[in-house]
Structures are given as structure tokens and as C-alpha cells.
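Engineer: Given next are the chains, with one letter for each unit.
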Amino acid sequence: MPRLVIEANRPSLGYWADLYRYRELLYFLAWRDVLVRYKQTAIGVAWAVIRPLLVMLVLWFVFGRLAKLPAGDTPYPIVVLAAVLPWQFFAVALGESSTSLVANAGLVSKVYFPRILLPIGAVLVSLIDFVISLSLLGVVMAVLSYAPTWRMLSLPLFTLLGLLAALGPGLLVTTLNVRFRDFRYVIPFVVQFGLYISPVGFRTDVVPEKWRLLYSLNPMVGVIDGFRWAICREETLYLPGFACSLAVTAVTLALGVTYFRRTERTFADII
Amino acid sequence: MTEAVVRVEGLGKKYLLQQRAEAGYARLSEQLMRAATAPWRRLTRPSDRIARKEFWALKDLSFEIGSGEVVGVIGRNGAGKSTLLKLLSRITEPTEGRIELCGRVASLLEVGTGFHPELTGRENIFLNGALLGMTRAEIRAKFDAIVAFAEVEQFLDTPVKRYSSGMYVRLAFAVAAHLDPEILIIDEVLAVGDAAFQKKCLGRMDEIARGGRTVLFVSHQMGTVAQLCSRCLYLEQGRLAADGPTEDVIPRYLTSGQAIGGVSNRTPDDAVTPDAPMWVVAARTTANDGEPQSDFLHTSQVTLRLALGRNDPAGEIPTQLVCTVAVQDHLGRRVLTTQCQPSEVGDFEADDELAMSLPAPLLAPGSYAFIVTLHTHAGEIFDRLSGVCPFTITDGGSRFARYRAGDLGCVLADCEWQLISAGDLVANRF
Chain A
1 MPRLVIEANR PSLGYWADLY RYRELLYFLA WRDVLVRYKQ TAIGVAWAVI RPLLVMLVLW
61 FVFGRLAKLP AGDTPYPIVV LAAVLPWQFF AVALGESSTS LVANAGLVSK VYFPRILLPI
121 GAVLVSLIDF VISLSLLGVV MAVLSYAPTW RMLSLPLFTL LGLLAALGPG LLVTTLNVRF
181 RDFRYVIPFV VQFGLYISPV GFRTDVVPEK WRLLYSLNPM VGVIDGFRWA ICREETLYLP
241 GFACSLAVTA VTLALGVTYF RRTERTFADI I
Chain B
1 MTEAVVRVEG LGKKYLLQQR AEAGYARLSE QLMRAATAPW RRLTRPSDRI ARKEFWALKD
61 LSFEIGSGEV VGVIGRNGAG KSTLLKLLSR ITEPTEGRIE LCGRVASLLE VGTGFHPELT
121 GRENIFLNGA LLGMTRAEIR AKFDAIVAFA EVEQFLDTPV KRYSSGMYVR LAFAVAAHLD
181 PEILIIDEVL AVGDAAFQKK CLGRMDEIAR GGRTVLFVSH QMGTVAQLCS RCLYLEQGRL
241 AADGPTEDVI PRYLTSGQAI GGVSNRTPDD AVTPDAPMWV VAARTTANDG EPQSDFLHTS
301 QVTLRLALGR NDPAGEIPTQ LVCTVAVQDH LGRRVLTTQC QPSEVGDFEA DDELAMSLPA
361 PLLAPGSYAF IVTLHTHAGE IFDRLSGVCP FTITDGGSRF ARYRAGDLGC VLADCEWQLI
421 SAGDLVANRF
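Residue numbers (the numbering used here), protein chains in the order written: chain A, 1 to 271; chain B, 1 to 430.
Since the hints were derived computationally from the structure, they do not count as laboratory data.
Among the clues, some could well be false.
Partial list, derived from the structure: chain A residues whose beta carbon lies under 10 Å from chain B [stated by the list, open to error]: (1) 7; (2) 28; (3) 68; (4) 104; (5) 106.
Just so we're clear, the structure is a prediction, and the values are computed from it rather than from any experiment.
Beta carbons: idealized from backbone N, C-alpha and C, even for Gly.
Take these sequences, add in the hints, and give me the full structure.
Structural biologist: Following this line, the structure appears as C-alpha cells:
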């Protein structure tokens, strides 16, 4: 029979083992959110495709047609779409994970489970939306008869990077949200703002060379560059910038996990 | 007692109560400035300006529970019962002390926690089961039993937001009741559902306990606790006030005499008739030993103590003064009325009190209150109080205790039953 010892002011040692034991709950939480997401909607999961489509059309029009930014050999819609998809994934994942604890306050204050499942589950749900929205890319590429390259096989890797880039700040913000609900208002603003400071509507080489490394401090720059490299034929990966984005992602994630774990024990008391 | 399944040592839980430091009256500009900088100050110096007061919800708690024991946790609101359950179910961490648990813990702290209104009954069974710690295979194996217990077969594919509250509760209890934990923690779930379902829940809990599992049960329904639990923990202000066999602990709880809903310090101005010669100064219910009390077993006497005030201390009690006391039930209906003429009881002096005791057993388990009227035979009312000294009668083990939800009316009576044999009937006919 499993023996459990709870002692004051001592982190329980079996936390990560517990996480494994509760893996089914993670599945169920994600499954619940997926089921609930499009209940009582008329077109349901089509929203996962329509939203990036609309964003793509707007950005293509503004940056490609009005501002006439360089597209290279790749059609501008594909250049934009290669960034819109990971960006939307990041934006939704960050938004959902940062409200995950407060949104499930009832569970947090009534049932025990490793709380980190909530933000992770939220990120996984946005991953499902993202995978569905990838079909849009396929359609657009087919319509514009743009052949894919082998590099597309690296997409899962960059997707994982995008997931981690969202999870780090997501963990930080959801923890802060428990005590300060102010952060509920910060994230939509950050996401809105981020769409314009990240290279979504334009290519990274528009940014002057000397600013590029600094620009890569935005972890999404690395992710988007990766996506462009995998999808667009002539794109090259700016490695110093990519490494920089990677490092920022890793640091944020470490901070997020540490802060979350440190504060977790008090969630039920203050939520 | 077999080996301890739950061992608690020196357990304590401290909360910090925020109390705003005295702000005083400041100018508006100052107030605005303060409000504008508040978020920053709260982030940088969280302890600033907000004085914090420590509050121990639980302190120095130690006990052991063996496997297969059904233990009731009783106490007033705020005594720390819920905090204890939260600590045992790992929802929150203790400030001091340690807990040792042997086996899987499942807690039913609030029925329907984790139900999602948009999901169907079927989906919610899986979700809730997973939340309570069941694996998918386990849930699948018990699915039919859960559905049958909850009696919701027809509505399995309807979102639970369209369920009646009864169906909702039944389904939630059914999931939890089929979880096979070694330790089951239940907080007041039986306060819901209709009578038949409550009985079913009790039966199921009995079954769980007899299956060798440990149950911790929190309730304010002494009747249910008495029926279900062999042992009780009685918490008072975060401390363990008593721990022992249920029949010893429940009376201690009932006689602890906190919060008696009586009245005190009434003045002649509070009386119905100004310048009334007499009025009720104070009223309280007491046990036989004179200690204030408001919860009684059905076998113990309820005594109402009235302190009467007199407008002319030197004068005689008006001989025509009558004190009428009625008992009303929870719907405000009169159950019985009794009357006394203070002058008949004896020499009535200042600071004397009138005491009226109801015979026992008389009132059926339930909530009651008194109506006290001071008047004359001619019908002139001096003072009148209704709904005073609310008190409850708890079943202390009558033959009806097992039918907890049944309506017994207001009065228990020892009626005479006898068997008339057929032979006598024939004999009587002629």
C-alpha cells in the first residue's frame, strides 16, 4: 500500500513521480477543454482554421500589398502563414495557460492533483488547434502550387520550441494571476502587441543586421524563423539569433517552473 | 485497533488575516495618489500598510485512525473541520506537524466539483473519476454500477447543465462512492438529494466502511453521525476537544453551550406596552444543570429560563399576571402552549428567574423556538417575544433514528400497542 507523508515546510519528494501517476488526468483535462471548446458553436472546429486565415489575409494585405515588403521567391501569403500559425499557437497557448489556475479555481481549492497539469493541459489544447490549423497551410500551398521541401519534417521540433516558449511565461503569469488578478489584463495586451513586434507580417531580414541579435531576445523570433526556414525554400536560419531565442526560452521556462513549484503549496489558500 | 492508516502528529495550520492598517481621513489627492501607487507597493513590499494577523485554524492536532474505522468529525462552524479535511486530502499544506497516510485518499469535499456543465453525464463520469484519482480502466469497469446507482440512464448523453439539481448530485455522489480508496473523506454531502437517495447514500457508506476502508465523515447532523460512526473527533476552535466513542463525544458537543440564541438586557422600552408593570429582561435555554445550551438530545429536558423585570420594585406582582410560553416548530407553527401565573409559583423577588422545563421525551428531532407572552387573563399584553431561544432536538438513538429523513411530526409519544388474538376477537363478538 502506498505510504504518503505530508510534512510542514518540506516539499514532497514524489512530485514528479506524482505527475506521472496523474498523466491520465492530464489527458482528461485536455480532453475536457477540447470537447468544451466548440460546444454550442455552429461551425465548431472550423474556427481553428478561420482565425489564422483571416489574420493571414489582413497581414498579407497590409505588409505585402500596401507596404510592399520583400517576399523573396516564396509567395507572400505563404511567408505570412508560416508565421501566423506558430504565432497563433503561441498566443492561444499563453493566454489559456496564464488563466488556467484561476479558471479552475474550484478544482484547485477542492481536489488534490499536481497543479502544473492545468497550465500544461491548456498548452496541449492549443496544440490540437494548431495541428488542425496546419491543414490551412497545406491548402494554401496546394492552391499556389508551392512544393514542400524535406525541411518541413523539422516542423515538430519548432512546434515543441513554440510550446515551451509559451509554457515558460504561461507558468509565471498563471502563478502571479492567483494572487494578482491584474495579470488577466496584461496578457491580451501583450499578445496584441506581440503580433506587431514579432516577425509575423514581415521577414526577419527586414530588421537591420546590428539589431538582429537584440531582436532575437523575443523567443518567438526563433520559433518563427524556424518555421519559415522549414517551409520557405530560400530562407536561411540566422543561427546566433536562433540560439539567443532558444536560451531565452530555456531561462523563462526554468524560472516559470521554479516559481510555480515554490508558490504551488499556497494556491488553495489564496486563490 | 488495527494498524494506523491515518496518523496525524502535532498538526497545525495558520492563516494570515489581512487587516487594513488604520487609514484615517486623508485628503482626496492623497487618496488618489495612494490608490495609483498601490499596485506597485503591493508588488514590492507586500507586507506594507496591511497589518497581518495570525489565525490558527488548527493547532496541535494528534490522532490515529485504524483501517476500517468510520470516524465522525464534529464541531461548530469554524472549528477547523474543513481545514482538517483539506489537509488530509492534500489540497493545502500544513504549517506545522506531519500527516502519514497509508493508501489512496479520495475526498468528496463538495459534490459536483469538477463537473463541467457543458459536458454530458457520460463525459463527466470519466472526468470526475479521473479527478478523484481513478484510471480510465477502473472507470470503465465501474461505469454501469455508477450509472445504475445515480439513476440517470436516460440522460447519459445530455449535458449536465440541463440536469435537475437532484440528478446532478446523485451522479456526483455515485462517482465518488464507487471509487475504491483506502481512505474516504466526506464533507456534508448528505445534506442534498431526496430522502430515498439519502438513505441509499448512507447504505453505500456503510457498505464502504464494512469493506474494511476508512471513512472520515464531517457533518452537523448528529443523527447521521451517531448512526454511521463508531468514533468521533470533536474539534473546538482548531483543537481536538474530544476523541472517543460516538455516544460519549456527541453529548459533550451538544452541551458545549456556545452560541445560545437567547435574549438579554432588554429594557422596559423593548416591551410591547410602554410602562408595562413587567417585562422579559432575558431568556435562555439551559440543560438540567443550568448551563446554557441550545442543542438537546430527545431524551433530555429542555429548560427555558426567563428573567423578568418589574417597573415598581416595591410593589406587588400583579396577581392577574400570566406568563404563557409556546413552542413553535421550524415552520413557525405552534406545537404546544403552557401557562403559569408567577404569583402562584411563590414569592417573586428581584433577580429571581422563572424556569419552565419541557418533559422528555416529548419533541421529535427538529428545530424549535419559543414564543413568550406576558399578559393578563383579561387579554392585556405587556410583553411578547416570538422566535426566541431557538433550539434543536437531536435523535439520541430512538427507534426512528434509522429513518433519518422521515417526517415524524413534532411530538414523540409512547403509545400503547397490544396484540388482540383472533380467539379474543371471536370471543368479543359474542
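Engineer: Next step is simple, just say for each hint if it's right about the structure.
Structural biologist: Structure-based check of all given hints:
no. : hint : in the structure
1   : 7    : holds, 4 Å
2   : 28   : holds, 4 Å
3   : 68   : violated, 43 Å
4   : 104  : holds, 9 Å
5   : 106  : holds, 6 Å
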